[in-house]
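Chains as they are written, first to last, in my numbering: chain S, 1 to 302; chain X, 1 to 302; chain D, 1 to 302; chain F, 1 to 302.
The hints are simulated quantities; they were obtained by calculation from the structure and are not laboratory data. Glycine residues also receive a C-beta, built at the ideal position from the N, C-alpha and C atoms. There could be a bad hint or two in this list.
[Unchecked claim] If you anchor each label on the Cβ, the simulated ranges turn out as follows: (1) D:Gly35 x F:Ser225: 41 to 51 Å; (2) S:Lys249 x X:Ala233: 55 to 65 Å; (3) D:Gln55 x X:Arg16: 54 to 64 Å; (4) S:Arg118 x F:Arg16: 13 to 23 Å; (5) F:Ala229 x D:Leu301: 21 to 31 Å; (6) D:Arg228 x S:Gly113: 51 to 61 Å.
[To be verified] Going by beta-carbon spacing under 8 Å, a handful of chain X positions derived as facing chain D: (7) Ala115; (8) Gly141; (9) Asp266.
There are 4 protein chains.
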Amino acid sequence: MPGLRGVYNILSTPFRPDGAIDEASLRRLTEATIGMGVDGITILGVAGEAQKLLQEERRRLIEIVMEVTAGRVPIIVGTSHDGTEATIAASREAQAAGAAGVMVAPPTFLQPGPALTRHYERVAAAIDIPIVLQDFPPVNGVTLSPRAMADLVRAVPAITTIKLEDPPTPQRTAQTLQLLEGRATIVGGLGGMYMLDELRRGASGTMTGFAYPEILVRIWRAWESGDRAEAEATYYRYLPLLVFEGQPKLGVAIRKEILRRRGLIDCAVLREPGPRLDDGIREDLEATLRALAIDDVYPPLG
Amino acid sequence: MPGLRGVYNILSTPFRPDGAIDEASLRRLTEATIGMGVDGITILGVAGEAQKLLQEERRRLIEIVMEVTAGRVPIIVGTSHDGTEATIAASREAQAAGAAGVMVAPPTFLQPGPALTRHYERVAAAIDIPIVLQDFPPVNGVTLSPRAMADLVRAVPAITTIKLEDPPTPQRTAQTLQLLEGRATIVGGLGGMYMLDELRRGASGTMTGFAYPEILVRIWRAWESGDRAEAEATYYRYLPLLVFEGQPKLGVAIRKEILRRRGLIDCAVLREPGPRLDDGIREDLEATLRALAIDDVYPPLG
Amino acid sequence: MPGLRGVYNILSTPFRPDGAIDEASLRRLTEATIGMGVDGITILGVAGEAQKLLQEERRRLIEIVMEVTAGRVPIIVGTSHDGTEATIAASREAQAAGAAGVMVAPPTFLQPGPALTRHYERVAAAIDIPIVLQDFPPVNGVTLSPRAMADLVRAVPAITTIKLEDPPTPQRTAQTLQLLEGRATIVGGLGGMYMLDELRRGASGTMTGFAYPEILVRIWRAWESGDRAEAEATYYRYLPLLVFEGQPKLGVAIRKEILRRRGLIDCAVLREPGPRLDDGIREDLEATLRALAIDDVYPPLG
Amino acid sequence: MPGLRGVYNILSTPFRPDGAIDEASLRRLTEATIGMGVDGITILGVAGEAQKLLQEERRRLIEIVMEVTAGRVPIIVGTSHDGTEATIAASREAQAAGAAGVMVAPPTFLQPGPALTRHYERVAAAIDIPIVLQDFPPVNGVTLSPRAMADLVRAVPAITTIKLEDPPTPQRTAQTLQLLEGRATIVGGLGGMYMLDELRRGASGTMTGFAYPEILVRIWRAWESGDRAEAEATYYRYLPLLVFEGQPKLGVAIRKEILRRRGLIDCAVLREPGPRLDDGIREDLEATLRALAIDDVYPPLG
């Protein structure tokens with residue numbers, strides 16, 4: 001079966017207090033993420049605030065991550081745009097820069113049908129690397145049924161992976177896999193919140209932002225090696241953090257705050273418009289980390 | 001401060017295999033739920049499939065639950081309809097039947113503004129019992145900002161409780177409480193998935209469907225008595241089940257399956273249209289319950 | 001080809017100033033509408049504020065209209081509910097009361113797929129009269145592609161007519177007809193605003209609320225008899241009124257105001273929540289009618 | 001009262017058959033549009049397919065239109081982006097290129113509230129030219145009530161014009177103007193379909209795409225000079241075309257086909273994803289233009 005497998009971390013994009021990309025933090029975060037054993041890295045996802053970057057910034061970000069990675073793990077680049085030409089242009093640039101694949105969500109409000117299929121066909125025809133189809137209605141208002149995803153994959157063989165994020169993800173993963181007949185793998189997302197149950201229903205890993213990627217790696221390695229008890233134990237142990245960090249609309253902000261605490265980035269600020277954490281949630285994050293004794297197990301770096 | 005406090009269980013509506021309301025199961029479930037120590041019961045919520053019942057069935061269901069309860073705990077009745085007159089009629093019937101309050105969500109697609117305010121004003125004017133404002137966009141497409149909820153409560157003092165369910169619920173609870181200035185309490189929902197963090201941010205309890213209400217009661221009692229460590233420990237222990245059962249769109253179905261396993265209802269069928277569980281999810285439910293050793297702690301009844 | 005043809009007027013539901021159904025006005029309006037030459041009448045549509053009526057009121061309304069009509073034209077009854085059982089119950093009652101068909105929109109937010117198909121299958125199995133599938137996203141958040149509609153019709157042969165109202169309606173009518181292969185007719189809606197172009201693309205008429213149904217009848221009769229010039233001339237002549245009355249969200253209110261001016265109903269009030277006309281729009285309505293000299297051509301009745 | 005007045009044409013973006021911007025057609029179209037007497041031109045709107053252009057293409061398009069216009073009419077530039085920094089960057093570039101103002105729609109799904117206000121505040125602080133607030137839910141899923149728009153204008157005085165496009169536009173225009181207290185003007189859109197009634201309710205003109213801008217100019221001039229009868233007569237005469245071209249989702253494509261027929265652009269192709277006209281709609285367009293004898297009055301150019 002073609003398609004991605006394992007844990008792909010969607011990289012946060014660190015900014016300096018003045019709002020510019022913090023390149024030093026980006027390098028440090030990339031290096032650390034690789035060091036945590038991920039199978040790959042995805043950049044320019046929603047969790048990387050890609051939709052709020054300028055085109056020049058996106059290019060620069062790709063450049064830096066590619067340079068730091070130096071081929072040690074595959075890099076998937078998000079290239080979603082509302083226009084087909086713009087998606088193609090970004091996808092070609094990603095390929096030229098060394099991307100192992102591109103991640104493409106449907107254009108805003110473009111529901112499944114011939115026009116959506118054509119969008120993916122044209123992107124596929126313009127590049128030689130595989131496409132990850134992103135299923136995440138909150139960003140584009142597009143709902144993809146299992147049947148619609150399977151039809152897209154059949155029409156566009158370059159789609160070898162589906163990042164399935166519209167809940168309930170475990171059962172939808174199983175339903176979609178049945179229709180895919182081996183044409184693509186499915187990975188989860190949503191901050192890993194349902195990771196164990198997604199694996200139980202056939203997911204081949206997860207592609208998500210999470211501030212402790214090594215925990216997802218540990219779950220995946222255990223699962224992959226057949227040690228389901230260890231996978232379950234690890235997932236259950238850290239579930240409070242998965243749930244806390246994975247809060248809809250706030251996840252990107254909480255994650256950056258944790259990355260900052262870990263010493264992986266200097267500043268937790270998000271580009272606007274974006275959610276802001278109040279003091280209360282910072283205290284509750286502290287309480288959650290303390291309850292899990294997570295700083296002992298996974299100490300702050302740097 | 002006026003408003004509800006504690007754990008209000010949203011009762012599932014049990015059906016017989018032929019689709020009719022299973023009155024015997026309904027009586028058993030009601031009795032058992034009271035026995036678990038809940039502070040109140042809410043009927044005819046979304047989790048009770050109210051929108052799929054006939055008017056006669058809603059009346060009969062109120063009658064039975066009132067009879068079984070016999071005043072031991074307060075009963076809140078969901079009376080949401082798209083028209084004001086219909087909401088008023090249902091609310092008056094609920095009051096006449098002995099309801100302690102009514103739960104009212106905004107009519108479909110009626111966003112905050114004068115017409116929505118007027119809807120609540122007219123309902124309030126027609127009854128003498130308090131109103132629970134339900135904030136749950138998936139059922140009606142209506143998004144309520146903290147400011148919009150606070151404005152509604154100011155305009156309609158009969159709204160003494162907000163059931164806040166649009167995530168991120170903990171931070172929105174805190175933001176809304178600040179604007180409410182003591183005019184109403186806020187309770188959580190969403191199957192209790194964020195209950196601990198909602199309490200941390202000022203929630204006065206939770207009003208939600210969940211197949212082990214006694215777990216939520218234990219969390220609340222510990223929290224209420226100041227034993228936060230016990231509240232945390234209990235929440236963390238059972239979080240895998242809260243997350244599993246609380247899966248968006250599937251929760252009502254998983255919950256009924258658990259209630260069936262516990263012996264509280266005879267048949268787990270839902271009214272159509274509704275989600276269906278496949279065999280895989282039943283196995284994973286089994287695995288989840290086993291991992292939590294929950295059947296030892298909270299044995300199947302009956 | 002099975003399916004409805006011609007002009008079906010969606011009857012407004014007249015209320016008295018105190019909010020109760022105005023039965024005398026309802027009888028007068030029904031009689032007048034038949035007198036205008038419509039091919040049929042549809043009751044309990046969105047334009048009839050069905051979603052704001054109590055069950056008893058819906059029953060009474062059916063009874064009155066059936067009695068006044070006395071079989072002179074077919075009556076289609078809207079029976080849309082969010083639950084299948086409730087839809088079936090309403091559909092059976094409609095059939096028992098003498099309905100020629102039922103109009104059923106998809107339940108709220110139930111997008112095309114097996115569950116939606118099953119909803120229609122079960123309704124069809126419970127009655128012996130045909131179903132009109134209503135395609136109108138503003139009421140339920142459901143978008144139906146031409147393919148989805150054709151698939152539903154193929155799966156449920158009792159659906160013999162589609163009331164297609166998601167713009168652009170003319171081209172979508174043509175696209176859907178191509179896929180339907182004669183299994184159903186398509187009629188327009190949207191207050192008749194696009195009626196001419198819908199007919200050009202194959203529509204078999206229109207089923208809509210409009211305060212001068214005789215104008216739509218005249219367009220249809222001309223078109224049907226092959227006198228396209230007359231159909232065009234009539235449509236263009238009255239287009240200012242079709243556009244004015246057909247304003248999204250306000251149409252039901254403007255229509256009632258016109259019906260009141262014509263003497264067909266006593267009071268133009270709508271059930272809440274609903275739009276309200278301000279004085280300015282009443283003046284502009286006056287100006288529009290004056291510009292069309294419509295009161296000379298179609299004088300106020302009564 | 002500050003704010004725009006008159007007819008601002010939203011320029012279509014002509015492409016060559018190979019998909020690149022057709023610069024010669026763009027120059028011809030710009031020159032012709034100015035020649036039709038418009039009060040201003042808006043580029044990079046939704047009707048200009050801005051969301052499907054590359055950044056370089058947007059820059060080039062601004063450059064060409066500025067060069068051709070040479071200050072004869074003010075140019076408004078659409079600079080909407082999902083991120084504040086990107087919106088600022090585009091707005092500054094527009095200002096530097098000579099724009100008279102920028103048009104900014106809310107970021108996707110960012111409903112009214114402090115974050116949206118802050119977005120506009122930051123854009124306003126970064127430039128010295130006024131902002132046109134665009135109210136058009138289909139592109140971003142954002143609904144703005146009259147109150148929300150008035151609050152935004154009060155908070156951000158640089159917003160001197162609202163392009164109000166969520167129907168019913170005439171009554172909403174009146175309601176919003178009442179709350180604005182002279183702080184901003186309101187112009188219509190929606191292809192001019194409701195232009196007369198928008199003017200009746202206080203609109204200061206229209207900013208919209210339409211293939212015969214001179215018709216809108218004539219309506220506006222008549223209205224402005226107090227000759228309401230002439231304004232009405234012109235609007236009613238051409239209403240069939242306003243309705244036909246203004247069909248939701250198809251308007252941009254129909255407009256380009258007309259511009260091509262008029263000789264103003266060489267090729268009617270749209271960037272993908274986008275609607276496509278079938279042969280039937282082309283025939284009906286022909287019939288509509290013939291019925292209006294429009295090619296005699298406004299002959300094809302070039």
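Evaluation of the provided hints:
In this structure the supplied range 41 to 51 Å holds for Gly35 (chain D) paired with Ser225 (chain F), their Cβ-Cβ distance being about 45 Å. Restraint check, Lys249 (chain S) to Ala233 (chain X): a C-beta distance of roughly 28 Å breaks the suggested window 55 to 65 Å. For the pair Gln55 (chain D) and Arg16 (chain X), the beta carbons lie near 23 Å from each other, so the given range of 54 to 64 Å is not met. Taken as a hint, the range 13 to 23 Å holds for the pair Arg118 (chain S) and Arg16 (chain F), whose Cβ atoms sit roughly 19 Å apart.
Between Ala229 (chain F) and Leu301 (chain D) the beta carbons are some 29 Å apart, a value that agrees with the proposed interval 21 to 31 Å. The beta-carbon spacing between Arg228 (chain D) and Gly113 (chain S), approximately 32 Å, falls outside the hinted interval of 51 to 61 Å. The beta carbon of Ala115 (chain X) comes within 4 Å of a beta carbon in chain D, closer than 8 Å, and the hint placing it at the interface holds. Of the supplied interface hints, the one on Gly141 (chain X) holds, with its beta-carbon coming within about 6 Å of a beta-carbon of chain D, less than 8 Å.
Interface hint at Asp266 (chain X): violated, since its Cβ lies 19 Å from the closest Cβ of chain D, which is beyond the 8 Å cut-off.
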